Each structure stands twice: as C-alpha cells, then as structure tokens.
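Residue numbers (our numbering), protein chains in the order written: chain A, 24 to 204; chain B, 593 to 794.
For the record, the hints were derived by calculation from the structure and aren't laboratory data. For clarity, every value in this text was computed on a predicted model and none was experimentally measured. Every residue, glycine too, gets a C-beta built ideally from N, C-alpha and C. Hints may be right or wrong, so weigh each one.
Covered by chain B, per the in silico footprint, the following chain A stretches (three or more residues, Cβ under 8 Å) [said to hold, decoys possible]:
id, segment
1, 66 to 73
2, 78 to 86
Over 10 Å on every C-beta distance to chain B, these chain A residues come out as not near it, computed from the model [to be verified]:
id, residue
3, V40
4, L91
5, A92
6, T101
7, S111
8, P114
9, C161
10, T168
11, P174
12, M188
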Amino acid sequence: MVHRGELIPAYLDGELVGEEEQWLEEHLAVCARCRDELSDLNEVGVLLSEAPLFSPQPGFTARVMARLAQKEARRRLTRVAPALVAVSLLPTFLALLSVVGLLIPWGGTLAAPATLIELGFDLLLRLMQTGTTLAQTCSFLLGATLGALPPGLLLPYSFLMLGLMMVWAKLVIRAPLPLKN
Amino acid sequence: MPFDKAQDREGERGWVREALAGDQEAFARLVKNYQAAVYNLAYRMLGNAGDAEDAAQETFLRAYSRLRSYDPARKFSSWLLAIAAHHCIDRLRRRRWAISLEDIPLGRKLSTGRDPEREIEREEEREEIGRLLEHLPPAYRLVVILYYWNDLSCRQIGEVMGLGEGAVKSRLHRARRMLAQGLREERESASHRSSVTIGEAP
C-alpha cells in the first residue's frame with residue numbers, strides 16, 4: 024500500500040480525483056508533516072511561476088542574422104575552395120613531373136621488369152615521359168597563343184582572362200545554396 | 593507562449609517553409625518570436641548573461657542549419673528548445689574541465705530581516721529561488737525551466753529530453769522538493785542571522 028503522502032505531487036498538479044483526493048485530504052487533516060510538505064512545495068511552485076523571464080539585450084535578432092550571414096559566406100567559400108585548389112594544383116603537378124623528366128636524360132624503359140622495385144621504376148619513367156610530352160604540348164600551345172597575338176595585345180588579353188575568372192568565381196559564390204540536410 | 597492557436601501555428605509553419613526556401617526574413621521572424629524563450633532557458637541553465645547570449649545565438653544557428661529535419665507535425669517551440677537544451681548541457685559538461693570565475697557562486701546576499709514589507713521579501717524569495725535553481729543538477733534544472741518558463745507539459749519535456757512522462761514527473765517533483773528544502777534552510781539561517789544582529793545591537 025502506498026503511503027498517502029506520496030500522492031502529494033499528483034495533488035499539486037491537480038491530477039487526483041474523487042476517492043484519492045478525499046483520501047489524501049483526510050490524511051492532511053491529521054498529519055502536520057505532510058501538511059508542511061504540501062505548503063512548502065506549493066510555495067516553490069508559486070515562486071517559480073512568478074519568477075521573471077530573462078530577455079536578451081536589444082538587437083538580438085540582428086546579431087543572430089549577422090552571424091548567420093557570416094557562416095553562410097564561409098560555407099560557400101568551402102564549396103568553391105576544393106575546385107580552386109584542384110585547378111591550381113594540376114598544372115603544378117604536371118610541371119613538376121616534366122621538370123624531373125627533363126633533368127634525367129634517361130629515355131628507354133627497362134627490358135623486362137622482374138621485381139616490384141623495377142616495376143616501380145618502369146612506371147616512374149613512363150610518367151616522366153608523359154610529363155615531358157605534356158610540357159612540350161603546353162609550351163607549343165603557349166607559343167602558338169603568343170604568336171597569334173600581336174605583341175601589344177598580350178597584356179590586355181591577360182587582364183581580360185583574369186577578369187573573366189573573377190566574374191566566374193563571384194557568380195559561383197553568390198549563387199543560392201540549398202540548406203544542408 | 594505564442595502560437596497556441598491553430599491559426600498562429602499555421603503562420604509559423606509558413607515561416608519555416610519560407611526560411612527553408614532561403615528567405616532570411618522569415619527566419620528572422622522566428623528568431624524574434626522565440627528569442628526570450630531560448631535566452632531565458634540558456635540564462636537559467638548557464639547562470640550568466642554572456643554565456644546565455646552566446647548559447648542562444650548558437651541555438652538559432654543550429655536550428656537554421658537543421659531546419660530540414662524539423663517535423664511540422666511537432667510544435668516548433670519544443671523542437672527549438674530541445675536544440676537549446678542539448679547545447680546548454682554540452683556546455684555545462686565542457687565547463688567541468690574549465691571552470692570560469694562566473695561559475696563560482698557569489699556570496700549570498702544577506703537578508704537583514706529589518707524590512708517588514710512582504711512584497712520586498714517576496715521579491716527576494718523569487719531571486720532566491722533562481723539562485724537555488726542554479727545549484728540543482730542540470731538534468732533537474734532543465735525540467736523545472738521547461739515546465740515553469742516554457743510551459744511545456746511533462747510529455748513534451750519527455751520528448752525534448754528523451755525520457756518517459758513518468759520519469760519527467762518524478763524529476764520535477766524531486767526538483768521541487770530540493771528547492772523547498774533549500775528555501776527552508778535559507779529561511780532558517782536568515783532568521784538566525786537577523787536574531788544575532790538584533791542581539792548584537794546596543
């Protein structure tokens with residue numbers, strides 16, 4: 024059997040009905056301890072419901088929205104950054120390979136790669152050759168471009184290309200971005 | 593609490609939809625509406641204005657990036673307050689390793705007992721209950737805050753904290769009991785102090 028005092032919380036929240044309520048009230052009439060407990064708990068409830076709601080300093084919404092805008096800008100940048108890094112790393116990588124290929128005047132491949140080390144060498148040599156070829160192609164294209172342009176137009180042409188790239192980057196950054204899931 | 597009426601809740605759902613479509617104004621309206629509820633929770637949980645401001649801002653930023661996971665069938669305020677509650681609990685956990693000066697409870701204001709006016713006493717008790725609340729374990733404090741300031745039902749608090757309704761009820765009751773005990777002790781020591789003061793007076 025439950026002690027009648029255990030019904031106090033339910034009584035406070037107005038959840039006791041009929042018989043149970045009567046049962047507790049009878050007990051309260053004779054038990055000073057439970058009466059004290061009820062009045063203490065009741066007072067705590069009243070004090071809590073009267074306690075003030077703290078509000079933030081004025082301008083809270085604006086501060087949140089400013090932080091949000093900052094975060095969004097950073098998120099867009101992180102979306103563009105990998106592409107930019109890849110685009111700038113690719114020519115560097117190719118150029119490095121071709122430089123190595125040019126420095127070592129060692130043309131042919133090994134006759135029959137027997138060990139894993141020899142196979143690695145073979146692969147490296149092929150890569151170097153490819154790099155050299157790529158570098159030659161690039162220099163050929165560059166030479167052709169420069170040759171096609173009248174000497175006075177080289178600088179304006181470079182600026183135009185730079186400007187177009189900046190416009191492209193700006194468009195990517197400002198494009199609306201759907202929310203993350 | 594705002595949005596108790598079905599009509600208002602419909603308007604609120606519209607704001608959420610608009611915010612999801614990228615309308616920042618709509619999200620700003622949600623922030624404006626719930627700033628006090630979220631800030632008060634953070635303040636009562638963390639105990640100082642600086643941390644409360646930061647935690648409340650962080651709550652809205654998180655809500656924005658998780659807006660897609662909000663289920664419109666649920667009350668928006670419960671969803672938002674759950675984010676706030678978890679963030680505050682996380683902060684308190686981190687704090688255990690880096691105790692800032694603000695966490696050390698300041699010396700209690702001595703109540704002199706000289707002013708007989710009941711209203712002033714009442715005001716002091718209201719402040720007192722706020723201070724006592726800070727000494728409750730966070731999980732109990734959270735239940736009290738959500739119940740008394742955010743007007744959530746025990747079932748809704750259960751949803752926020754991942755507890756059953758019964759567990760919330762028993763926590764709420766134990767929290768009230770701890771507060772009642774604290775209040776009683778406070779009163780006894782206050783009356784003791786005032787009697788000493790009177791005794792020392794020439």
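Taking 10 Å as the cut and beta carbons as the points, is A:V40 off the interface with chain B?
With a cut-off of 10 Å, A:V40 remains clear of chain B, as the shortest Cβ separation is near 17 Å.
Minimum C-beta separation from A:M188 to chain B exceeding 10 Å: can you confirm that?
holds (27 Å)
Are there three or more residues in the segment 66 to 73 of chain A whose C-beta lies closer than 8 Å to some C-beta of chain B?
holds (count 7)
Can we trust that A:P114 is non-interface, i.e. its beta-carbon lies farther than 10 Å from all of chain B?
Given a closest Cβ separation of 36 Å, the condition holds.
Measuring Cβ to Cβ, find out whether A:C161 lies farther than 10 Å from everything in chain B.
holds (42 Å)
Would A:L91 pass as off the interface with chain B, using Cβ distances and a cut of 10 Å?
Per Cβ check, A:L91 is inside 10 Å of chain B; nearest 6 Å; violated.
Are all C-beta atoms of chain B more than 10 Å from that of A:T168?
holds (42 Å)
In terms of Cβ atoms, is chain B entirely out of 10 Å range of A:S111?
holds (30 Å)
Hey, is A:P174 genuinely clear of chain B, shortest beta carbon separation above 10 Å?
Check passes; 49 Å lies beyond 10 Å.
Please check whether the segment 78 to 86 of chain A has three or more residues whose CB lies within less than 8 Å of a CB on chain B.
holds (count 6)
Could you check that no beta carbon of chain B comes within 10 Å of the beta carbon of A:T101?
At roughly 13 Å from the nearest Cβ of chain B, A:T101 sits farther out than 10 Å, so the non-interface label holds.
Would you assess whether A:A92, listed as outside the interface, keeps its beta-carbon beyond 10 Å of every beta-carbon in chain B?
Answer for A:A92: violated, closest chain B Cβ roughly 8 Å.
Hint compliance for this structure: hints 4 and 5 are not met, and every other hint is.
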